[in-house]
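Participant: One-letter residues, chain by chain:
Number of protein chains: 2
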Amino acid sequence: MSEAETSSELSPKWDAAGLITGVVTDARTGELLMVAHLNAEALQLTQETGEAHFWSRSRGRLWKKGETSGHVLKVVELRIDCDQDALWMRVEPQGPACHTGARSCFCRRLTPGGELEMVGEIPQDGVV
Amino acid sequence: MSEAETSSELSPKWDAAGLITGVVTDARTGELLMVAHLNAEALQLTQETGEAHFWSRSRGRLWKKGETSGHVLKVVELRIDCDQDALWMRVEPQGPACHTGARSCFCRRLTPGGELEMVGEIPQDGVV
Numbered sequence: 009m010s011e012a013e014t015s016s017e018l019s020p021k022w023d024a025a026g027l028i029t030g031v032v033t034d035a036r037t038g039e040l041l042m043v044a045h046l047n048a049e050a051l052q053l054t055q056e057t058g059e060a061h062f063w064s065r066s067r068g069r070l071w072k073k074g075e076t077s078g079h080v081l082k083v084v085e086l087r088i089d090c091d092q093d094a095l096w097m098r099v100e101p102q103g104p105a106c107h108t109g110a111r112s113c114f115c116r117r118l119t120p121g122g123e124l125e126m127v128g129e130i131p132q133d134g135v136v
Numbered sequence: 009m010s011e012a013e014t015s016s017e018l019s020p021k022w023d024a025a026g027l028i029t030g031v032v033t034d035a036r037t038g039e040l041l042m043v044a045h046l047n048a049e050a051l052q053l054t055q056e057t058g059e060a061h062f063w064s065r066s067r068g069r070l071w072k073k074g075e076t077s078g079h080v081l082k083v084v085e086l087r088i089d090c091d092q093d094a095l096w097m098r099v100e101p102q103g104p105a106c107h108t109g110a111r112s113c114f115c116r117r118l119t120p121g122g123e124l125e126m127v128g129e130i131p132q133d134g135v136v
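Chain order of the listed sequences is A and B. Per this note's numbering, residue 9 is the first one in the first sequence, and the count goes up by one each step. Per this note's numbering, residue 9 is the first one in the second sequence, and the count goes up by one each step.
Chain A with its partners taken away, still in its complex shape:
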């Protein structure tokens, strides 16, 4: 096994864009809420503030989840995977995690027929 897999030292394996994958689950229910990316600064701010920060690839800037909506993600626990390129963020969400207003970004399941089917409701007001 490599050093990254067994070490007690945090040494993220940043990709070519300087990012690792962040997987956010609800610490209470275990539901997968969202997947986003973190650069070194986002990780540092997440550790320092206890609130989830990310790097927005589409907007090209640092981003605190809930900075405008107030729907911040309070970090309960952070875990890193074996090769240190993915971060599990167990959180207490202070509102919907999805920008569509849904509790989770993962509210459509694939049916055996290959279609998508809603499993959670998107509120009419679509609050971010």
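It should be emphasised that the hints constitute simulated quantities derived from the structure, not laboratory data. Check each hint, because a few of them may be wrong.
One copy or two, it doesn't matter: identical chains are merged, so the pair holds either way.
No farther apart than 20 Å at their CA atoms in a straight line, the calculated lysine to aspartate or glutamate pairs in the EDC-like style are these [to be verified]:
#	residue 1	residue 2
1	82	39
2	21	123
3	21	125
4	21	39
5	21	34
6	21	100
7	72	125
8	21	91
9	21	49
10	72	34
Quick caveat: nothing in here was measured; it's all calculated off a predicted structure.
Position chain B against the provided structure of chain A, taking the given hints into account.
Facilitator: Relative to the frame of chain A, chain B by itself:
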């Protein structure tokens, strides 16, 4: 909201390498087991066989989880996120998900001091 976010049509948003992110959780316990990537063929085989397939970026080839170890991941449910670039794979694991032999790849937590601390045991034999 965009078509991808509300549509009942599966239309994955492949990245430049033709991949989406796969987030694998234990359907029974909710534990995050691993994060890997899928290309179109891996997604198709996963849907057809009910067993998780991925694209290995390091080995540059299609890969069925457990093809050598027997530790396949039986798919209980597949969900796609709002912008269709991440797949939530809820599975029944037939053995350890991590190549280190650990049940999950995410068996180290970040302590407040910034170090890593084991939260699950890696077996001595390190069976893959």
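Participant: At 20 Å max between alpha carbons, let me know whether residue 21 reaches residue 49 within a copy, between copies, both or neither.
Facilitator: within (14 Å within a copy, 27 Å between copies)
Participant: 20 Å Cα cut-off: does residue 82 pair with residue 39 within a copy, between copies, both or neither?
Facilitator: both (15 Å within a copy, 19 Å between copies)
Participant: Can you give me the call for residue 21 and residue 125, within, between, both or neither, at a CA distance of at most 20 Å?
Facilitator: Classified as between: cross-chain Cα gap 18 Å, same-chain 35 Å, threshold 20 Å.
Participant: Can you give me the call for residue 72 and residue 34, within, between, both or neither, at a CA distance of at most 20 Å?
Facilitator: Classified as within: same-chain Cα gap 17 Å, cross-chain 28 Å, threshold 20 Å.
Participant: Reference check for the pair residue 21 and residue 91, CA-CA at most 20 Å: within, between, both, or neither?
Facilitator: For residue 21 and residue 91, only the intra-copy Cα distance (7 Å) is at most 20 Å; the inter-copy one is 25 Å.
Participant: Measure nothing new, just compare the shortest in-copy and cross-copy C-alpha distances for residue 21 and residue 39 to 20 Å and report within, between, both or neither.
Facilitator: Classified as neither: same-chain Cα gap 26 Å, cross-chain 22 Å, threshold 20 Å.
Participant: With identical chains, the pair residue 21 and residue 34 could be close in the same copy or across copies; at 20 Å between alpha carbons, which is it: within, between, both, or neither?
Facilitator: Neither: 25 Å inside a copy, 25 Å across copies.
Participant: Is it within, between, both or neither when you check residue 21 against residue 100 at 20 Å Cα-Cα?
Facilitator: neither (26 Å within a copy, 28 Å between copies)
Participant: Between the shortest in-copy and the shortest cross-copy C-alpha distance, which are at most 20 Å for residue 72 and residue 125: within, between, both, or neither?
Facilitator: neither (30 Å within a copy, 26 Å between copies)
Participant: How would you label the pair residue 21, residue 123 (within, between, both, or neither) given a Cα cut-off of 20 Å?
Facilitator: Classified as between; 15 Å across copies, 35 Å inside a copy.
Checked against the numbered hints above, the structure breaks hints 4, 5, 6 and 7 and satisfies the rest.
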